Amino acid sequence: MKTSSEVVIEPLEKNNKYIKKHRLKTDLIRCKQLYIMLVPFVLWYILFFYKPLYGLQIAFKDYNPIQGISNSPWVGLKHFKAFFTSPYAWRIIRNTFTINIMSMCTVFPLTVIFALILNEVPHKRIKSFVQTASYLPHFISTVIVAGLVVSFLSPSAGIINVLLSKLGFEKQYFLIKPEYFKPIFVAMGGWQNIGFGSIIYTSAISSIDDTLYEAARIDGAGRFRQMWHVTLPGILPTITLMFIMRLGNILSVGYEAIILLYQPSTYETADVISTFVYRRGMIDSDFSFATAVGLFNGFVGLILVTLANRISRKVSDIAVW
Amino acid sequence: MKKRILAMLLVAVMLSGCSATKQTGSKENELTMFMHFFGYCVYDEDWPIFKKASELTGVKIIGTASESISDSSQAWNTMIASKVLPDIIHSTYSNLSDLADMGGLIPLEDLIEKYAPNVAKFFEECPEAKRDATADDGHIYFIPGSLSGIDRDALPSKGWFIRTDWLEKLHLEAPKNVDEMYNVLKAFKTKDPNGNGLQDEIPYFARQEGIQDLYQLFGAEYTWHEDKNGNLVYGKTEEEFRNAIRQISKWFKEGLIDSEIYSRGQQAREQLLSSNTGGMTHDWFSSTGKYADTYAKNINGFKWEAILPPADINGVVKEVASRSILHGLGWGISKDNKKIEETMKYFDFWMSEQGRELLAYGIEGVHHKVVNGEKVFTDEVLNAKDGVPTYMRNQGQVEIGSVGSIDAELAGMNEIARKGFLAYDEGGFVRKQFNAPTFTEAENDAKKDKWNNITTYISEIEQKCVLGIEDIDAVWDTYIKTLKDMGIDEVTEIYNTAYKRQNNY
Amino acid sequence: MVVVTKKDHVINAVVYLILAIVVIISIYPVWYITVASFSSSDAVSTGKVVFWVKDFSLEAYKNVINTKNIWISYGNTVFYSVFGTLVNMILTVLGAYALSKKWLKGRRFFTIFIMVSMWFSPGMMASYINYRDLGMINNRWAILLIGAVSTYNVILMRSFFESIPDAMEESALIDGATDFKILFKIYLPLSKAALMTISLYYFVGHWNSYFWPMVLLQDETKIPLQVVLKKLVVQMNGMYSEKANMDYTVVSRETVVYATMVIAVAPMLFIYPFVQKFFVKGVMLGAVKG
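Chains as they are written, first to last, in our numbering: chain V, 1 to 321; chain W, 1001 to 1505; chain G, 2001 to 2290.
Accuracy of the hints is not assured; some may be wrong.
Stated by the list, open to error - Calculated cross-link-like contacts (lysine to aspartate or glutamate; reagent style EDC-like; alpha-carbon spacing at most 20 Å):
1. V:K177 - W:D1471
2. W:K1303 - G:D2042
3. W:K1191 - W:D1165
FYI, nobody ran anything at the bench for these hints, they're computed from the structure.
This structure is a prediction, so every number in the text was calculated from the model and none was measured.
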């Protein structure tokens, strides 16, 4: 006879090994069906992730694709050294980091706020229209978006500059000025992702119990208060989760868009880890180097997420694990 | 007779029955080949030129590279990771040398001696090819080739083009030296030659290469070159470079150079010529010359012509851009090839008189016809929408181990392009292209990171100074010092060692 | 009875204003791409196209329609997206449900087991070799399996399951139901919003994916739309070619790329309104006492 509540054990029996072992067995049996559910799932990870993971060792080797991974020579920390001793190492790490921090401080909260604002729209049709309009940008390939950004920011005919000059400002050649790069890049990312990213929050909001709103209204709460006291707490677990997971990518910024937007004169703010690796790899496909750098990124992400997870668990009881 | 036909039918049925598997394990008279370069050029079994070659050699080539991959290095990587390598591998020198180093290609010298007299002859005719193809261990691992012919050392590739109707309108002559060029560009900028009342002219513009082609005007070099002692030195570390940047940034400030030159992109010529704002550029003859016809219809009085190079600040008339004799690609035999003799004979075909002609002119009756003993392209080819080189490329005229002919390319140019090309050629001032040496693995390892850092740094300083963000004279000392700290001297030494080794060949 | 106050009207006005700005900013570039695709390529490259079509031309669309395999690739994209999502959801729901139960022995272990994949990746070559060894080269079904599980989506789905109160389960357990039954009869119906959201994420992931399909599929009849699109973009930019500075005239112009984009994005206009229908409040009343 299964129940979901814990079986209460007398303190005396707690130390009894036999009882413990028996408890473990019943627990496992109870979880049997869940384990069955996990089988295809875990199998997938083993086949497609863990199996090829031995490939990570090429970070410590001079990988020769013809000889294969096992026959390639070991070189120890050679690639890591090459990466960290570059005069640009600090710069690219810093840029990657700050771009992501900027994004997390602006795009992330804006996504939540956008979902909250959308929730306030009374008309269903309008709400649906706005949300559809806002997530269309997500489908335009990054390459095209970058091309549009270059075109819109063109100092002579770009629409942004045309608008600026109509408003009385001077036209700017944005893309050669280092100080503009990060805001432009983050804004571009925001344009692409805010609408689409808000869908998860909209979905979370929709599963908040209506009775909670009723109760708040009865207590005299206006719309803003309802949002603050009901909606926001309701989606807080989702927000926290998304934030923690986002931290895992703190050192990854894709090179595709940046390559199309940056210029040597903006390297000091625009050159990130992936573009540096890309330029180096252009001469010869250097997988080992790229893998070494990837390992470094992964570790930093791992550490940050673990930390954030621990903090979150202590503070709010919401955690990934 | 009947038996013969039956036998042929049987063979045909057998051959057609086997599906064109992209895996290896090629059938009788079939060879697999990997060819994927420049991002978009992928071997196509329907290429008429190659189909004809199959007819003449009895060997059919199956391509293994996927056309949908848009990045040649991805295609290369996946090819390397396959269990069995394709029979023939075609790619750039550096990929092929890498592959040879890794043991993926077999040495060819003995095979050439045995089965390929035409290839042997080619290496004799062209010592440079032999030098390029020979690896550090002394073996030849691939066969290079040429698209423009090996008789001539430095054929013109790019030249100066200008709006001659604007010159006429402003009563100016084509500039003969740097000062005159400055005046011409200035006039383009200020005297409104396109007549719309706006100062929207863009005197000098360029595609992806940006301001690079202007360096020669100031006696500066933008890459490695031999100094007076015969040693290699990197142009961007020299005083001439400093002076050039100073001048170029001055021109930029005065609006004589496209202010968006760094972000204008590949469509610069289309954009600026169609909008009637571009004045002068420096680019490839064939494609650039074509615009003379394209835009003549839309723009009143549009005249776009090539002019001779203005003399540089030292009074020397020269053109730095030229075609290398060899196109920098080649093909070799992989270690998994089981039909070595056949493959080498196939390679030999392409180096024969017949093969070379096929590559240069295509198929008689289809691509060219013989008029009064001369080969002339057919109208279909000459009137191709995207230009003759592009059209022929799609027919299979690609960079393989064969020798093409510049005459063929000339025949495909329009009047303006041809005039310019011949003028440059006859002038005798086109310089030979610098070809980077090949490095040993050890040398490569030693220089790779340093060079990456150095080129990053140089490109930053260069762009900032041209744009006027920094002043070249103010930063020069720091610039040189930083380069030294980054190891420019070690890298220069490595380049010199490799260069001398190659030239002693 | 909700009374609409004057304050409400003000708030509504502000909300509408903000949203109007958002819509304009979101849509303008998409609008630009659409009108540009119907304009002549010269007009587009000289910047004459701003708000409306200039030099109307169907050239771009003609080019697209004549592109080799464009319709086949469209069909492939639909196939991969629909069936891929199906596979995704089955695996994800099963995994997420199991992981959402706090009493699962080894829960922490399994969670970390899958999280690792969010920070580390075997690398392109090792992955490729793995796919090759598993027989996935040039295999249509491979595309469905490769991205079958996204850890990110699993974690999200898990949190949705966790948000359903345990009480729902209790009454069913008392009736002697199995975990599978509970999942299907109780949790799934209550999670419509979450299921649709995660499905949408997977669907979009498939729709936009191009890298592995490009590398693994050699048959041109199997490739999805994005791969074709990528080719056109590369031809236009000439960016990835080693000899970018070559003697050629641009083969495909921006307008063609834009036209392909329009064709690729158009279905998305209809997806969201469809998905949104499922964003209804989960009906919880009556299943649990109190």
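- Is the Cα-Cα distance between K177 (chain V) and D1471 (chain W) 20 Å or less? Holds - the C-alpha atoms of D1471 (chain W) and K177 (chain V) are around 16 Å apart, at most 20 Å.
- Message: Would the hint linking K1191 (chain W) and D1165 (chain W) be met if the CA-CA limit is 20 Å?
- Response: 13 Å, holds
- Query: If you draw a straight line from the CA of K1303 (chain W) to the CA of D2042 (chain G), is it 20 Å or shorter?
  - Reply: 19 Å, holds
When each numbered hint is compared with the structure, no violation occurs for any of them.
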